[in-house]
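Q: Listed below are the residues making up each chain.
Protein chains: 4
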Amino acid sequence: MKKSVVLAFSGGLDTSYCAKYLSETLGYEVHAVTVNTGGFNEADEVELKSRAEKLGVATYTFINAEKEYYNDCVKYLIFGNVLKNNTYPLSVSAERTVQAQNIAKYAKEIGASAIAHGSTGAGNDQVRFDLIFQVMCPEMEIITPIRDMSLSREEEIQFLKNHGFDIDFEKAQYSINKGLWGTSVGGKETLKSRHSLPEDAFPSQVEKQKPTELEIEFKNGEVVAVNGETFAHSVFAIQKIESLASPYGIGRDIHVGDTIVGIKGRVGFEAAAALLTIKAHHLLEKHTLSKYQQTIKSQLSDWYGNWLHEALFLDPVMRNIEAFLNDSQKTVNGKVFITLYPYRFVLNGIESDNDLMSDKFGSYGEANRAWTGDDVKGFTKVLSNALTIYHQINS
Amino acid sequence: MKKSVVLAFSGGLDTSYCAKYLSETLGYEVHAVTVNTGGFNEADEVELKSRAEKLGVATYTFINAEKEYYNDCVKYLIFGNVLKNNTYPLSVSAERTVQAQNIAKYAKEIGASAIAHGSTGAGNDQVRFDLIFQVMCPEMEIITPIRDMSLSREEEIQFLKNHGFDIDFEKAQYSINKGLWGTSVGGKETLKSRHSLPEDAFPSQVEKQKPTELEIEFKNGEVVAVNGETFAHSVFAIQKIESLASPYGIGRDIHVGDTIVGIKGRVGFEAAAALLTIKAHHLLEKHTLSKYQQTIKSQLSDWYGNWLHEALFLDPVMRNIEAFLNDSQKTVNGKVFITLYPYRFVLNGIESDNDLMSDKFGSYGEANRAWTGDDVKGFTKVLSNALTIYHQINS
Amino acid sequence: MKKSVVLAFSGGLDTSYCAKYLSETLGYEVHAVTVNTGGFNEADEVELKSRAEKLGVATYTFINAEKEYYNDCVKYLIFGNVLKNNTYPLSVSAERTVQAQNIAKYAKEIGASAIAHGSTGAGNDQVRFDLIFQVMCPEMEIITPIRDMSLSREEEIQFLKNHGFDIDFEKAQYSINKGLWGTSVGGKETLKSRHSLPEDAFPSQVEKQKPTELEIEFKNGEVVAVNGETFAHSVFAIQKIESLASPYGIGRDIHVGDTIVGIKGRVGFEAAAALLTIKAHHLLEKHTLSKYQQTIKSQLSDWYGNWLHEALFLDPVMRNIEAFLNDSQKTVNGKVFITLYPYRFVLNGIESDNDLMSDKFGSYGEANRAWTGDDVKGFTKVLSNALTIYHQINS
Amino acid sequence: MKKSVVLAFSGGLDTSYCAKYLSETLGYEVHAVTVNTGGFNEADEVELKSRAEKLGVATYTFINAEKEYYNDCVKYLIFGNVLKNNTYPLSVSAERTVQAQNIAKYAKEIGASAIAHGSTGAGNDQVRFDLIFQVMCPEMEIITPIRDMSLSREEEIQFLKNHGFDIDFEKAQYSINKGLWGTSVGGKETLKSRHSLPEDAFPSQVEKQKPTELEIEFKNGEVVAVNGETFAHSVFAIQKIESLASPYGIGRDIHVGDTIVGIKGRVGFEAAAALLTIKAHHLLEKHTLSKYQQTIKSQLSDWYGNWLHEALFLDPVMRNIEAFLNDSQKTVNGKVFITLYPYRFVLNGIESDNDLMSDKFGSYGEANRAWTGDDVKGFTKVLSNALTIYHQINS
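Chains as they are written, first to last, in the UniProt record's numbering: chain A, 1 to 395; chain B, 1 to 395; chain C, 1 to 395; chain D, 1 to 395.
Read the hints as simulated data drawn from the structure, not as lab findings.
Don't take every hint at face value.
[Claimed, not checked] Among chain D residues calculated to face chain C with C-beta under 8 Å, some are:
| hint | residue |
| --- | --- |
| 1 | S113 |
| 2 | S196 |
| 3 | K219 |
| 4 | D258 |
| 5 | H282 |
| 6 | V376 |
A virtual CB, placed ideally from N, CA and C, is assigned to each residue, including glycine.
Let the hints inform the model, and build the full structure from the sequences given.
A: Right under this line is the structure:
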């Protein structure tokens with residue numbers, strides 16, 4: 001019996017090469033799998049299937065994992081207002097994590113003897129795939145032809161041609177990765193520190209100039225409605241926000257960060273829905289959470305984002321943090337009002353039954369209804385005790 | 001001998017009332033003191049002195065504390081990239097802290113028997129003044145007529161008129177506080193949760209439309225040059241940045257946060273120099289600090305900002321955090337390149353001899369020069385061990 | 001109709017005084033309530049009831065809250081291995097929190113117009129009672145005769161005598177507070193920094209010399225069996241541990257800490273069951289939790305303990321942390337083996353199906369079965385990258 | 001010219017094998033170096049030199065690094081009260097870190113072409129040596145014969161015999177590592193989870209039964225005197241404490257923790273001086289530091305210990321934390337009074353000019369001199385505001 005391999009297949013040059021190489025050179029029965037985390041539509045699915053078949057794979061499977069992606073990961077990035085280094089919504093990190101888990105699950109189901117991915121040796125993805133495969137399928141071999149052989153584009157294309165697969169792989173100027181939670185844009189300027197990306201490097205172009213109002217409604221921290229329209233699943237709500245805000249060029253930036261392999265990396269991105277959702281959610285939390293909820297949640301979420309980024313999603317501490325995050329969202333209900341402008345947006349305000357800002361108790365700087373001036377005198381007296389003692393003893 | 005009081009004097013209605021009330025009603029010899037943290041120019045100084053004298057104070061003193069303000073406080077807000085609730089540069093919190101310390105020092109120098117401030121009972125400032133006065137001058141009485149008597153504007157004006165001080169205190173629609181690190185704008189919309197401030201509520205209006213390039217140079221985390229121009233003190237560099245960016249309406253936002261007295265408060269602000277400096281500094285740090293330096297510094301800085309806000313600047317832990325921050329800035333050197341647009345700015349990139357992003361070692365996603373694919377295989381193998389064991393034991 | 005007050009009643013001199021003072025001097029209908037958090041047995045209950053009745057209260061209620069105390073609070077102190085300042089099991093802090101909540105609930109149920117406690121102005125308890133009463137019954141007046149009047153013991157006794165209540169309140173040398181989670185011992189030596197408590201200050205004396213074996217079994221982090229004996233509720237298991245370990249004088253120490261009112265305080269305690277349970281639980285966690293679970297849980301638990309101590313139990317962040325803690329205990333199952341000696345104990349080891357220390361994968365310092373030497377070379381190569389780059393760039 | 005290698009030489013079987021193997025089999029000129037971090041005395045030095053010479057090394061160097069060890073590392077473990085997993089003073093982690101740095105420095109000085117250590121593939125030391133060598137000498141090859149060849153004891157002995165080196169390497173039942181900051185004891189029981197070490201596994205035996213008084217004096221957090229005797233360097237003070245406490249069997253325990261390679265490891269230790277110094281220092285800090293200094297320092301120190309353990313000592317964040325720690329020790333001055341008993345000790349109390357516990361201001365639970373009952377009422381009123389609002393809004 002032929003040994004079988006499951007290949008994480010994106011349809012690009014590298015994974016096309018892998019498909020051929022695994023079957024022709026290594027003699028595997030190749031089961032190609034694409035896990036959709038929001039980057040592919042139905043036309044893409046047809047095209048991917050066709051390409052895989054032309055490459056002669058034994059089977060091709062397209063797994064639609066958008067809801068799982070949201071439920072298992074994106075949801076917590078919203079709850080935690082997670083922006084890596086205060087900038088990047090971690091879209092690629094999160095996608096790879098969910099893709100790798102789906103690939104591994106599939107490989108176990110069909111009893112594959114090996115599992116393959118097309119990552120190079122220079123990025124984070126290799127670690128995410130390797131690590132999740134090792135944890136979930138420790139008995140399977142992991143095969144990474146691109147990393148192992150360090151082939152040039154031309155060599156890959158020639159190999160494919162030699163094996164009867166002759167497609168025009170156009171060399172894009174930028175490497176693009178699209179998903180529910182954002183689109184990354186790497187290459188050229190991002191390889192150095194000095195310059196930002198030019199306007200046309202971004203897949204979405206600015207097409208609207210006139211400001212629009214946007215209203216996002218949250219229930220227990222999740223988006224349930226956009227401009228009054230409700231959705232069967234938050235995935236659709238996020239897609240709606242993206243469709244409204246993307247024509248404004250909102251949510252573009254460049255992330256500079258520490259890769260898992262130790263070098264600094266830089267990558268551009270556009271992520272209108274992610275930025276709007278997180279910033280709106282964060283504003284609503286400022287009105288509905290206690291001071292310490294915000295402080296502790298923020299610090300936990302930093303770690304959550306870092307470890308997600310560093311391929312440690314399967315560490316049980318991530319589940320524990322998710323339990324904290326879930327519990328913290330009970331009062332995060334209400335509407336956030338936003339105005340969209342080209343390249344930017346303004347958070348106007350919120351309405352919420354859980355809003356802790358209520359002039360029933362007092363009005364900042366204006367009126368104290370729930371306490372007296374004498375109460376504050378006592379408060380500051382007692383609050384100062386420790387410091388007064390410290391400075392008297394140590395003066 | 002008459003007992004003497006030092007009054008924190010801003011020249012507004014409340015502190016004018018205090019000046020008269022302290023002398024006329026309470027029989028004190030009043031020493032009015034204004035501490036300038038960047039909100040007053042020379043004309044203001046003359047006007048303040050004149051007003052104080054008309055109010056019949058025994059002495060009037062104008063303390064120029066801008067450099068001290070920067071050295072003792074603003075510097076660390078830059079080092080820590082401190083934006084309260086990820087938004088607000090803490091300008092008022094920082095100013096009051098430095099003002100209160102200067103007032104207290106002055107009161108001790110002249111041997112005053114009391115110390116007075118004009119805060120109401122509804123805000124944060126009362127706590128900052130009370131607390132720092134109690135810690136630094138525990139033997140002095142603290143007098144707070146406005147908080148104690150809850151007078152209306154009209155009553156205050158009438159009292160002043162009755163005592164021969166008849167000036168037109170125009171009632172501004174918004175309460176404005178200006179300083180080196182930003183200008184706060186409170187009132188009307190900020191008293192409720194729903195709406196943002198209208199364009200004309202902001203003291204600075206957008207006057208420039210054409211993008212400009214801005215270059216900020218840092219040495220050990222401090223701004224030393226702006227567009228190539230060097231400065232005798234970072235205070236002047238910050239003022240330069242403000243003058244360049246303020247005509248773009250940059251750095252406006254609304255802060256929603258937890259007051260020290262327990263209610264939620266909302267306040268608008270414009271702080272072009274603060275936002276630009278912090279974001280430029282933060283970008284430079286992403287290139288020059290290690291991963292863990294950034295993570296730990298960020299968490300410490302959150303606490304630093306919170307405690308500064310909550311009047312705990314004199315806690316020795318603040319000095320300990322400053323020691324950490326100082327030490328962390330050794331490699332934060334280089335230039336940051338920015339483009340200014342109306343209402344926003346883009347961080348283009350950096351140049352630094354301490355830039356850890358160097359293609360000598362590898363290029364993210366493109367090339368691994370300092371390690372091999374096999375090294376990464378070993379890395380992910382060992383890194384996965386703990387999780388593999390966890391999931392096998394617990395499956 | 002007479003206005004009614006609910007009095008937190010412990011049966012001591014202070015609350016006896018309050019009972020009389022509230023009815024005789026202030027004219028209240030007094031409803032005395034004792035909340036038992038493990039310090040009282042059935043004989044105590046009879047005695048308390050009798051004393052309250054002699055004091056002429058309108059009603060007396062004894063609320064048995066041991067299980068609630070465990071379920072709402074002690075359980076999380078175990079999950080978090082909480083020892084304030086690495087020493088003190090927070091017994092009194094936890095008891096007051098649960099007592100105050102029960103008193104407040106009772107006061108609301110009977111529609112009382114006021115609520116009273118007998119705390120002095122010098123400790124933490126006043127803040128815990130005040131704060132929880134204000135949060136839960138903001139409409140009720142809080143009456144604190146002892147704090148307000150600063151009476152001497154003699155004055156209180158005389159007042160009671162004058163009102164026909166003449167009992168011999170012996171002046172104990174130490175002030176003792178007993179509960180499920182430990183007994184505190186304050187007075188004399190603990191009022192200064194220099195000396196520890198003498199042997200006979202501790203209520204339990206060392207009566208056993210011969211070592212005994214103790215086996216504690218945990219399920220999801222909770223004690224379910226002691227020496228093989230199972231219990232209907234963890235409260236009984238804890239009492240069993242206490243009965244076995246207390247005759248060894250285990251769990252004695254002096255806590256030095258920051259009171260809520262700003263001074264440093266010092267208090268002795270004996271808490272055999274608390275110390276044994278926490279240390280055994282912690283050891284089991286070292287074997288069954290991941291590295292990052294332990295680190296994050298430890299830091300969260302520090303805050304949990306601090307805020308419990310500081311009367312902030314009702315902050316919603318506490319519920320969020322409890323959600324984290326609950327989730328973290330899924331794998332904390334197994335037996336811990338201990339030997340008890342006079343004044344100390346030794347944790348011998350554990351047995352657990354969730355033990356992550358398994359020689360199937362490798363044996364520390366002896367054998368690597370799940371990885372090769374080459375894997376580690378790759379691991380250290382990649383792990384060193386960031387530091388190597390840092391030191392080369394900055395040398 | 002012969003290529004040269006610097007070998008980290010401990011004189012045991014593994015590094016003896018390496019010495020021969022590197023010269024005879026690999027043809028290196030071997031420069032053996034021992035770095036003393038407190039485990040070797042002068043007789044040991046003579047013996048090590050003689051053994052190295054018998055093994056035919058080109059040069060042998062004994063580096064006395066005790067003071068450097070203390071200054072660069074142990075000092076901060078004291079400042080941070082660092083006990084890994086609340087138990088282990090990190091003696092081995094700290095020693096390897098300082099040893100590796102000294103070896104690397106030496107290798108650079110003599111311009112060696114390679115650097116070798118004798119670690120196996122199953123422990124933490126290999127990572128510490130590899131990583132520090134790679135960071136400090138990235139151009140040198142790292143040779144690890146023991147890890148690479150997985151030889152048995154017998155094979156190593158036979159190889160040495162074949163090359164004329166025939167010494168009786170007795171197989172100890174436990175593997176012992178001695179240093180200034182403690183002695184680790186591994187083997188047999190520690191390889192499994194269930195049992196503790198027997199009495200005679202510990203190198204020091206309990207020889208004293210009668211309690212003794214011990215007085216440790218600190219200045220800026222460092223030990224300056226023991227029982228009134230002052231020392232030229234803290235290293236000697238620590239050795240004095242060890243000599244006094246070791247005969248009581250104090251400071252024994254078993255550490256269970258996460259190795260860098262992912263498995264759980266268990267190791268026994270005796271570390272009388274480390275435990276006494278840390279616990280005494282910690283007590284003094286409870287009296288002399290502010291609440292927040294203690295909380296933040298504790299959390300930072302946890303990370304410091306973890307990263308030291310995980311070979312990340314050269315990360316610049318460690319220097320930043322050290323700056324925090326240094327600054328925090330300004331007020332940590334005074335004497336700590338301890339009684340030593342067999343297997344345990346009691347911290348009696350402290351004397352310090354910086355003691356913040358002073359009845360000038362108040363006495364916990366007894367007297368409030370610096371504030372009134374009304375002050376506390378105001379304090380609790382204002383402190384409760386946020387929670388009262390939260391619970392009213394969300395009820």
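Q: What are the numbers of the hints that this structure violates, sorted from low to high?
A: Violated: hints 1, 3.
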